[in-house]
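Enquirer: Residue-level listing of the chains:
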Amino acid sequence: MKPALVIAAHGSHLNAESSTPTFTHADTIRATGAFSEVRESFWKEEPAFREGLRTVDADEVYLVPLFVSEGYFTEQVIPREFRLDGWDPELWDSDGTSATHATLTATDTDQTVHYCGPVGTHDSMSDVIVQRAKSVTGDADVGEDFGLAVVGHGTERNENSAKAIEYHADRIREMGRFDEVQALFMDEDPEVDDVTDFFEVEDIVVVPLFIADGYHTQEDIPEDMGLCEDYRDGYDVPTAVDGHDIWYAGAVGTEPLMADVVLERAADAGADVSGAIDQVRDRTRGVDPATGD
Amino acid sequence: MDDTRVAAFADAAADGVDFDGIEAQVEGDSYTLSTADGTTAEGAVADLADVDAAVERYVTNWYFWHATAPQAEPRWAFLRWLEGADELSVPERYDRLDDGVTTTWGELAITAELSADGERVYDLRHESDTGVDPADLDRSDDPVAARDLAKHDDRDRYRPLKTAPTLRSGWVFPALDAGELVEAVHSFYPATVQNWHRERTGELDVTHWHETTQRQTGIYGVVKTWDRGEGYEHVNWVAEACCDDSQCLKRREWEYDEETDLDVDGGDGEFPCREPCSVVITAARQWTKMESEQSRTYEFELTPSEKEQVEEIVDAVAEGRVDDIREADIYDGANRYRARFLRAKLFDDDGDLDGVPTESEE
Numbered sequence: 045m046k047p048a049l050v051i052a053a054h055g056s057h058l059n060a061e062s063s064t065p066t067f068t069h070a071d072t073i074r075a076t077g078a079f080s081e082v083r084e085s086f087w088k089e090e091p092a093f094r095e096g097l098r099t100v101d102a103d104e105v106y107l108v109p110l111f112v113s114e115g116y117f118t119e120q121v122i123p124r125e126f127r128l129d130g131w132d133p134e135l136w137d138s139d140g141t142s143a144t145h146a147t148l149t150a151t152d153t154d155q156t157v158h159y160c161g162p163v164g165t166h167d168s169m170s171d172v173i174v175q176r177a178k179s180v181t182g183d184a185d186v187g188e189d190f191g192l193a194v195v196g197h198g199t200e201r202n203e204n205s206a207k208a209i210e211y212h213a214d215r216i217r218e219m220g221r222f223d224e225v226q227a228l229f230m231d232e233d234p235e236v237d238d239v240t241d242f243f244e245v246e247d248i249v250v251v252p253l254f255i256a257d258g259y260h261t262q263e264d265i266p267e268d269m270g271l272c273e274d275y276r277d278g279y280d281v282p283t284a285v286d287g288h289d290i291w292y293a294g295a296v297g298t299e300p301l302m303a304d305v306v307l308e309r310a311a312d313a314g315a316d317v318s319g320a321i322d323q324v325r326d327r328t329r330g331v332d333p334a335t336g337d
Numbered sequence: 007m008d009d010t011r012v013a014a015f016a017d018a019a020a021d022g023v024d025f026d027g028i029e030a031q032v033e034g035d036s037y038t039l040s041t042a043d044g045t046t047a048e049g050a051v052a053d054l055a056d057v058d059a060a061v062e063r064y065v066t067n068w069y070f071w072h073a074t075a076p077q078a079e080p081r082w083a084f085l086r087w088l089e090g091a092d093e094l095s096v097p098e099r100y101d102r103l104d105d106g107v108t109t110t111w112g113e114l115a116i117t118a119e120l121s122a123d124g125e126r127v128y129d130l131r132h133e134s135d136t137g138v139d140p141a142d143l144d145r146s147d148d149p150v151a152a153r154d155l156a157k158h159d160d161r162d163r164y165r166p167l168k169t170a171p172t173l174r175s176g177w178v179f180p181a182l183d184a185g186e187l188v189e190a191v192h193s194f195y196p197a198t199v200q201n202w203h204r205e206r207t208g209e210l211d212v213t214h215w216h217e218t219t220q221r222q223t224g225i226y227g228v229v230k231t232w233d234r235g236e237g238y239e240h241v242n243w244v245a246e247a248c249c250d251d252s253q254c255l256k257r258r259e260w261e262y263d264e265e266t267d268l269d270v271d272g273g274d275g276e277f278p279c280r281e282p283c284s285v286v287i288t289a290a291r292q293w294t295k296m297e298s299e300q301s302r303t304y305e306f307e308l309t310p311s312e313k314e315q316v317e318e319i320v321d322a323v324a325e326g327r328v329d330d331i332r333e334a335d336i337y338d339g340a341n342r343y344r345a346r347f348l349r350a351k352l353f354d355d356d357g358d359l360d361g362v363p364t365e366s367e368e
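Chains as they are written, first to last, in our numbering: chain A, 45 to 337; chain B, 7 to 368.
Excised from the complex, chain A in its bound form (with noise of 0.2 Å):
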């Protein structure tokens, strides 16, 4: 039988649309075959960690956190919670950024476990936030005369939260396609609050890294730049704010282009998936050509 997949993701008691983004990549995957099944599982809604891996039938399963960092879900939560026996942080031998996956067992069920590291570390993860500023600008080609914010969380307590997000502004930045790249955050310096003061350009394009849309992403973020006074009024995209265009993208998580990355994280820890990464590429990859005309 082939392996299967299993998502983990948050999930919410309060936000019904905070688990759609696992749904959505979940059924993009599982419409290329790639795996035998493919499962969501949350932490705050059905089915619980604690009864995700006994939801599968299959003696092999990759595990993905659908997480922006490394840190306490990754870490400590999902491991204790899937009981993985044998679970210890140097086994990922990471930076902060650099995890990729560690083979275990699950005590429940026996089933072989192969965890991977979170999505929003991923290599790949740096082009789903170029796409993402495609897809919110509508130009295939967007880049030059633009300037792009990466935007965290940010906390005192995890200082990886923060890593996640300079390792892709560095990386994009790399890339030389935007003028300027900007790593922001909610919740330390530099802040969001500040946005246009960190940039030339009058275009930014903000990208918040996020997995799912909501309180923050959808409402603290938009009042926090001046987008609008109240995020109930709404806002245009782009809104102008002090002399710049600022282009709001939303949670990254919700782009199309995200389940790529959990294949490539299941790719990363042997699954063979190559076909089903093609594929999900061709779907999901590109602004709708029409745009670019």
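Quick caveat, the hints were computed from the structure, so don't treat them as lab data. Even for Gly, the Cβ is constructed at its ideal location relative to N, Cα and C. Check each hint, because a few of them may be wrong.
As the list claims (entries may be wrong) - Label pairs and their computed distance ranges (CB to CB):
{"#": "1", "chain 1": "B", "residue 1": "D211", "chain 2": "A", "residue 2": "E61", "range": "49 to 57 Å"}
{"#": "2", "chain 1": "B", "residue 1": "S366", "chain 2": "A", "residue 2": "E224", "range": "50 to 58 Å"}
{"#": "3", "chain 1": "A", "residue 1": "Y275", "chain 2": "B", "residue 2": "Y343", "range": "28 to 36 Å"}
{"#": "4", "chain 1": "B", "residue 1": "G137", "chain 2": "A", "residue 2": "D185", "range": "33 to 41 Å"}
{"#": "5", "chain 1": "B", "residue 1": "F353", "chain 2": "A", "residue 2": "Y275", "range": "27 to 35 Å"}
{"#": "6", "chain 1": "B", "residue 1": "R302", "chain 2": "A", "residue 2": "E224", "range": "54 to 62 Å"}
{"#": "7", "chain 1": "A", "residue 1": "G182", "chain 2": "B", "residue 2": "A13", "range": "53 to 61 Å"}
{"#": "8", "chain 1": "B", "residue 1": "Q77", "chain 2": "A", "residue 2": "E61", "range": "30 to 38 Å"}
{"#": "9", "chain 1": "B", "residue 1": "L210", "chain 2": "A", "residue 2": "K46", "range": "37 to 45 Å"}
{"#": "10", "chain 1": "B", "residue 1": "Q77", "chain 2": "A", "residue 2": "T149", "range": "18 to 26 Å"}
{"#": "11", "chain 1": "B", "residue 1": "D123", "chain 2": "A", "residue 2": "R276", "range": "51 to 59 Å"}
{"#": "12", "chain 1": "B", "residue 1": "G34", "chain 2": "A", "residue 2": "G77", "range": "36 to 44 Å"}
{"#": "13", "chain 1": "B", "residue 1": "L308", "chain 2": "A", "residue 2": "Y275", "range": "51 to 59 Å"}
Claimed, not checked - Here are the simulated BS3-like cross-link-like pairs (lysine-lysine), alpha carbons at most 30 Å apart as the crow flies:
{"#": "14", "chain 1": "B", "residue 1": "K295", "chain 2": "B", "residue 2": "K313"}
{"#": "15", "chain 1": "B", "residue 1": "K295", "chain 2": "A", "residue 2": "K88"}
{"#": "16", "chain 1": "A", "residue 1": "K46", "chain 2": "A", "residue 2": "K88"}
{"#": "17", "chain 1": "B", "residue 1": "K313", "chain 2": "B", "residue 2": "K351"}
{"#": "18", "chain 1": "B", "residue 1": "K230", "chain 2": "A", "residue 2": "K88"}
{"#": "19", "chain 1": "A", "residue 1": "K207", "chain 2": "A", "residue 2": "K88"}
Here the structure of chain A is known, so what remains is to put chain B in place on it, guided by the hints.
Expert: Frame of chain A, contents of chain B only:
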């Protein structure tokens, strides 16, 4: 009987078939078979397609369970349970399946019916829609649609707990195959089939309250402090608040710990709950923080009717009865006008009952 079924059955019979009341053997080009109701037959494998109708039922039944139904044990067992396969013979089952056999699973009603070729077709709908003409319900054919149906209740409120008894009605999946049915059931009630099966086979892994709370870390780590060796009365309150049939259709199998049962009934659900869920733990975190406060004595002036009214308001909210109270039913203490009158009379500008501040002024 079609060639696919005959060929598959003959292949299997080369190693001997003994399933659901049919025994069959193929040697070379010949077969022999016998059924539980006493029919025997033998002949050339090439003529196996011509067995009489009574035997054909056993053969198509074998084919369904070996070639069509999902071969994963929990799902297979669930599908067999739906048609009473452990208790009824094939002829008895086929007679019932001809008319459709309906079983409830939480708020779901699942009707298994026989198709012309001995396959099963399943009708899935809300139990309150049992007997309704499918034409009067919203039809779905893709089990993925179950995911969206399960997300919001009839009033479009988000349902964070999939097994809350608030599943919306008015929809039907009239013709799912076996694999699609279990997928749809999973979308409505994730992991219930697997845990139900584990329970039936004596392998349900129950994690009790004490063990679950001790595992918590991060912002939930605080619930550990609620276990202070002072008995388990507080866990009774949690179970009464969250795990009642009126709030969740799972049957609570977890207790305080392995030796200490809770005093509160676990409910009557078909599928077991094997440990406190994330909703319970999140609520317990809030109660842990609230229960860490010391009680103090407040002095209020209330008329007897006002005291009763406060009790009625709490009860109405706890039972989810608020929206059922009629606009002008001023005889109900939890009526909105009654509550507004109480607030107008007894709350001061700071919202303090009877003008008594929550925090003492010393």
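Enquirer: Run every hint past the structure and note whether it holds.
Expert: Structure-based check of each hint:
1. One distance hint, 49 to 57 Å for the beta-carbon pair B/D211 and A/E61, is violated here, with the actual separation near 32 Å.
2. Hint check: B/S366 to A/E224, Cβ distance near 57 Å, so the stated range 50 to 58 Å holds.
3. The supplied range of 28 to 36 Å is met by A/Y275 and B/Y343, whose beta-carbon atoms lie about 34 Å from each other.
4. The given range of 33 to 41 Å is broken by B/G137 and A/D185, whose C-beta atoms sit roughly 60 Å from each other.
5. A hinted range of 27 to 35 Å holds for the C-beta pair B/F353 and A/Y275, which are about 31 Å apart.
6. For the pair B/R302 and A/E224, the beta carbons lie near 58 Å from each other, so the given range of 54 to 62 Å is met.
7. Under the hint 53 to 61 Å, the C-beta atoms of A/G182 and B/A13, about 56 Å apart, fit the expected range.
8. In this structure the supplied range 30 to 38 Å holds for B/Q77 paired with A/E61, their Cβ-Cβ distance being about 36 Å.
9. Remark: the range hint 37 to 45 Å for B/L210 to A/K46 is contradicted by a beta-carbon distance near 28 Å.
10. The given range of 18 to 26 Å is respected by B/Q77 and A/T149, whose C-beta atoms sit roughly 23 Å from each other.
11. B/D123 and A/R276 have their C-beta atoms about 56 Å apart, which keeps the hinted 51 to 59 Å range intact.
12. Between B/G34 and A/G77 the C-beta distance comes to about 39 Å, which sits within the given range of 36 to 44 Å.
13. With their beta carbons about 42 Å apart, B/L308 and A/Y275 fall outside the hinted range of 51 to 59 Å.
14. For the hint linking B/K295 to B/K313, the alpha-carbon distance of about 27 Å falls within 30 Å, and the restraint holds.
15. Note on B/K295 and A/K88: the hinted pairing holds, with a Cα-Cα distance of about 20 Å set against a maximum of 30 Å.
16. At most 30 Å may separate the alpha-carbon atoms for a hinted pair to count; A/K46 and A/K88 meet this at roughly 28 Å.
17. Between the alpha carbons of B/K313 and B/K351 the distance comes to roughly 14 Å, so the proposed pair stays at or under 30 Å and holds.
18. Only pairs whose Cα atoms come within 30 Å are accepted, and B/K230 paired with A/K88 is accepted, the gap being roughly 19 Å.
19. Taking the CA atoms of A/K207 and A/K88, the gap is about 25 Å. The hint holds against a cut of 30 Å.
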